[in-house]
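Asker: Got chain G; can you put chain D on it based on the hints?
If you're matching them up, the sequences are chains G and D in order.
Note that this note's numbering has the first sequence beginning at 1, numbered continuously upward.
Note that this note's numbering has the second sequence beginning at 1, numbered continuously upward.
Since the hints were made in silico from the structure, they are not lab data.
Everything numeric in this text was worked out from a predicted model, so none of it was measured.
We put the CB at the ideal spot given by N, CA and C, even for glycine.
Misleading hints may appear alongside valid ones.
[Said to hold, decoys possible] Some chain G residues flagged as far from chain D (calculated, every beta-carbon gap over 10 Å):
1. L58
2. L97
3. M128
4. E158
5. G168
6. D232
7. K296
8. H365
[Unchecked claim] Simulated crosslink set (DSS-like; lysine-lysine; CA at most 30 Å straight-line):
9. K89/D - K237/D
10. K137/G - K37/D
11. K296/G - K47/G
12. K130/G - K120/D
13. K89/D - K129/G
14. K137/D - K373/G
15. K120/D - K139/D
16. K127/D - K137/G
17. K28/G - K296/G
18. K139/G - K373/D
19. K100/D - K332/G
20. K47/D - K37/D
21. K139/D - K127/G
22. K394/G - K410/G
23. K169/D - K266/D
24. K425/G - K332/D
2 protein chains.
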Amino acid sequence: MGKEVLYLKIAKIMMEQIQTETLQFGDKLPSLRSAQKLYNVSLNTIKLAYMELESRSLIESRPKFGYYVSHTSQRKLDLPSVTKMKDSKIEGTKEDLIDKVFGTISDSGITQFALAIPGKNFLPLAKMKKSIINVIKSKNDFGTNYEPVQGNHNLRREIAKWSLVMEGKITEDDLVITSGAMNAIYNSLMAVTQPGDSVAIESPAYFGILQAIQLLGLKAVEIPTHPVYGVDLDALKKVLPKLSACCFVTNFNNPMGFQMPNEHKKELVRLITHYNVPLIEDDIYGNLYFGAERPKPCKFYDEAGLVMWVGSVSKTMAPGYRVGWVAPGQFKDRIIRQKLVQTVCSPSLYSDVIADFLEYGRYDHHLRMFRNKVYSNYLQIQRAVTSYFPDNTKISEPKGGFMLWLELDKRICTEDLFDEAFSHKINFAPGRMFSQYDQYRNCMRLNYALEWTDRVESDIEKLGNMIKNNI
Amino acid sequence: MGKEVLYLKIAKIMMEQIQTETLQFGDKLPSLRSAQKLYNVSLNTIKLAYMELESRSLIESRPKFGYYVSHTSQRKLDLPSVTKMKDSKIEGTKEDLIDKVFGTISDSGITQFALAIPGKNFLPLAKMKKSIINVIKSKNDFGTNYEPVQGNHNLRREIAKWSLVMEGKITEDDLVITSGAMNAIYNSLMAVTQPGDSVAIESPAYFGILQAIQLLGLKAVEIPTHPVYGVDLDALKKVLPKLSACCFVTNFNNPMGFQMPNEHKKELVRLITHYNVPLIEDDIYGNLYFGAERPKPCKFYDEAGLVMWVGSVSKTMAPGYRVGWVAPGQFKDRIIRQKLVQTVCSPSLYSDVIADFLEYGRYDHHLRMFRNKVYSNYLQIQRAVTSYFPDNTKISEPKGGFMLWLELDKRICTEDLFDEAFSHKINFAPGRMFSQYDQYRNCMRLNYALEWTDRVESDIEKLGNMIKNNI
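Excised from the complex, chain G in its bound form (with noise of 0.2 Å):
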């Protein structure tokens, strides 16, 4: 087809302007419309070019702002490497270390690159204050009386409505309410697998779903993942038959950041479902991309009801709430079951409040600020890396959410460097965490969604500085 041979004709000469340097890093490309006018093409040629240098990472889209020249196109630092399936010994998840880490959950003194904590600044407070009142005003019992089981309607019918992606396919029956993701991880393992049955994860996982396997007695199966496609497919499929289920990040993964293709997110629910296996889908950071749209989760590929589509508030609203939900597609009747035999419901009050706001506080606006300024804020920590730590620095290229993971010198073992950046406020997760065998020593994983300060970049300078002496 002369269209296509023509688009790409385009891109090639697109592609040869950035690999030249005459288009740089952080340029923006001409609007679509100029760049019509400028190749004298069809506005769709233009589309289909401009697609092209996106599927490769030489550009990428900013919603309403245009198209531009991405860091990836002139990479200093290398991408993570992709481990290899492992057959050695299992040492279980480092329960001590996770307790180090999560001992500083509420301290404010300390600079937290640890956790995937979202700063003040980027939540809706005084919004969010507002639907508390109007809650309290509203409800004649202050939310002490109990809710249904499967949780709050309005609540339920919020989350279903704003459920975009999913295009009309999720509805607020499908949906149960639970004490944050995690709850909702935790129950959705426990209603589709037996002690001893296996289950597939990411590597590196994150150390949440590494506990919660060994928590229920179960085993994981760590799957090769590649720091830009995610799972490896051809190695999942070997050991699908084994599997009770599958729990992975598909949408900037925690901890790697990258975005599932929607080509290997319709062949993995293919896969599950020829194999019947659920896959259980935290799609926990699906809103926060930087692309032009938000992409789709596996659960909108799947027909047989075996995806368990996870989200939550509590990376865009509010952490302490404690709200999350599950779409366990076939398996909603266990879920709440055991939702009754662990909490009986949830807390009243919250799931008003966030229903509330849902209705009246303008989330859509909400959110894109806050991409807006968790992208602004992975362009600096990108930088500041980029800059203060070795160049044999391998960094993760996140395409959304707010994780960036790090693969140090090998001599660098991260778990030790807690200690030392600790004692300088500073902390971050240690590589260590992220699987059941002795590896990831020299990674680190680093949450920007922080308030940018100069405390920040000077910290960033610091943790460089001491990679730098321990080599």
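Answerer: Same frame as chain G, but now just chain D:
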């Protein structure tokens, strides 16, 4: 000892007066000082005589009001029977029945005899609202931030402060905040068992405990339980070496209402210590005593840290807040880790609201009012059941809390009766929910902590008539 003989002599005189109805149900006894003058003996002798009568359930003391001839002195209806140890087929908990009953949890149109939910007029709503406002004003993040995993410091301090019954043996450091008592029981069970282990429970047992045992893949061992003295310690002793845990509701048992005598509690603690078997003690109703003082929990006698003492505000302040706690003794670290994995931390605001109420809400005053209301309702429901139910109805004799346990004619199936009652907008908890065996089919549990209105009176009459029509 002459002194002992003297007090027994006086007790005997009074017993005769009660038996001959010289002293009738509800009559006030002379005050201790009047009686002392009357019998011309020491104050201590009179105290001993009254204690003797109280231990025989012939009189009851009402705090600040004095001693009254109790209902039991002239029982028209018998006590429920004690079940034998079963060797029959385990049929599991009646999940569908429990779902049906909990389906009514937020239905305000129904007379809620089924669930142990205090009526709105029992709760300190206005003060709770004040506490919410206080907290919102004082917290500049409006509770959006994470709490420490173990639980809010203020709340733990206030709970420790109000644990007067423990005589200073509980500090804030001993407590872990949970999502209601049910979550504390679930996590306590999880902390001390592996799937397949056996756990002793009372029979009949609170269905929440039965469900938690089932969800965790444990085996329930139902111990014969006396309607006045609680679990049969001789029967327990025989199976104790094979158990991983005991889980009992020692004070104002759910569903039977008994208060385990102190001597039994001491012996129970001695036994579990000897065999090194943890005891999960659900003491959620402990503050709702009808007698002279708050009964001691087993935890008070526990030196080894084997008792996991569970409490909550759900029965006295705000069921919907889901604020509970456990003093888990030697299992504290495990419980904290489990909590981290399951939900990261407790929701923030509620902890502060309850802490504020405990600090400034005149908690003692509230509890006194609450107890008086519940006791008055107990007398109402006891009278109503005696009037409207068939004469062969057996009725429990709660010493506190808000549950009445009835054993009806053998021909009655309360599971069928539930549907009939429900069509009249009345519900209750059918006996079958309280065992894993096919038993208690002719039993029911009634919650009497609801506002006693003409409708409630007439609903008890309706229930009585339905039963009569089914014999």
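Asker: Now tell me, hint by hint, if it's right for this structure.
Answerer: Hint by hint, here is what the structure shows:
{"no.": "1", "hint": "L58", "result": "holds, 38 Å"}
{"no.": "2", "hint": "L97", "result": "holds, 12 Å"}
{"no.": "3", "hint": "M128", "result": "violated, 5 Å"}
{"no.": "4", "hint": "E158", "result": "holds, 18 Å"}
{"no.": "5", "hint": "G168", "result": "holds, 27 Å"}
{"no.": "6", "hint": "D232", "result": "holds, 27 Å"}
{"no.": "7", "hint": "K296", "result": "holds, 27 Å"}
{"no.": "8", "hint": "H365", "result": "holds, 18 Å"}
{"no.": "9", "hint": "K89/D - K237/D", "result": "holds, 23 Å"}
{"no.": "10", "hint": "K137/G - K37/D", "result": "violated, 58 Å"}
{"no.": "11", "hint": "K296/G - K47/G", "result": "holds, 20 Å"}
{"no.": "12", "hint": "K130/G - K120/D", "result": "holds, 26 Å"}
{"no.": "13", "hint": "K89/D - K129/G", "result": "violated, 55 Å"}
{"no.": "14", "hint": "K137/D - K373/G", "result": "holds, 27 Å"}
{"no.": "15", "hint": "K120/D - K139/D", "result": "holds, 28 Å"}
{"no.": "16", "hint": "K127/D - K137/G", "result": "holds, 14 Å"}
{"no.": "17", "hint": "K28/G - K296/G", "result": "holds, 27 Å"}
{"no.": "18", "hint": "K139/G - K373/D", "result": "holds, 24 Å"}
{"no.": "19", "hint": "K100/D - K332/G", "result": "holds, 16 Å"}
{"no.": "20", "hint": "K47/D - K37/D", "result": "holds, 13 Å"}
{"no.": "21", "hint": "K139/D - K127/G", "result": "holds, 15 Å"}
{"no.": "22", "hint": "K394/G - K410/G", "result": "holds, 11 Å"}
{"no.": "23", "hint": "K169/D - K266/D", "result": "holds, 16 Å"}
{"no.": "24", "hint": "K425/G - K332/D", "result": "holds, 28 Å"}
Hint violations for this structure: numbers 3, 10 and 13, all remaining hints satisfied.
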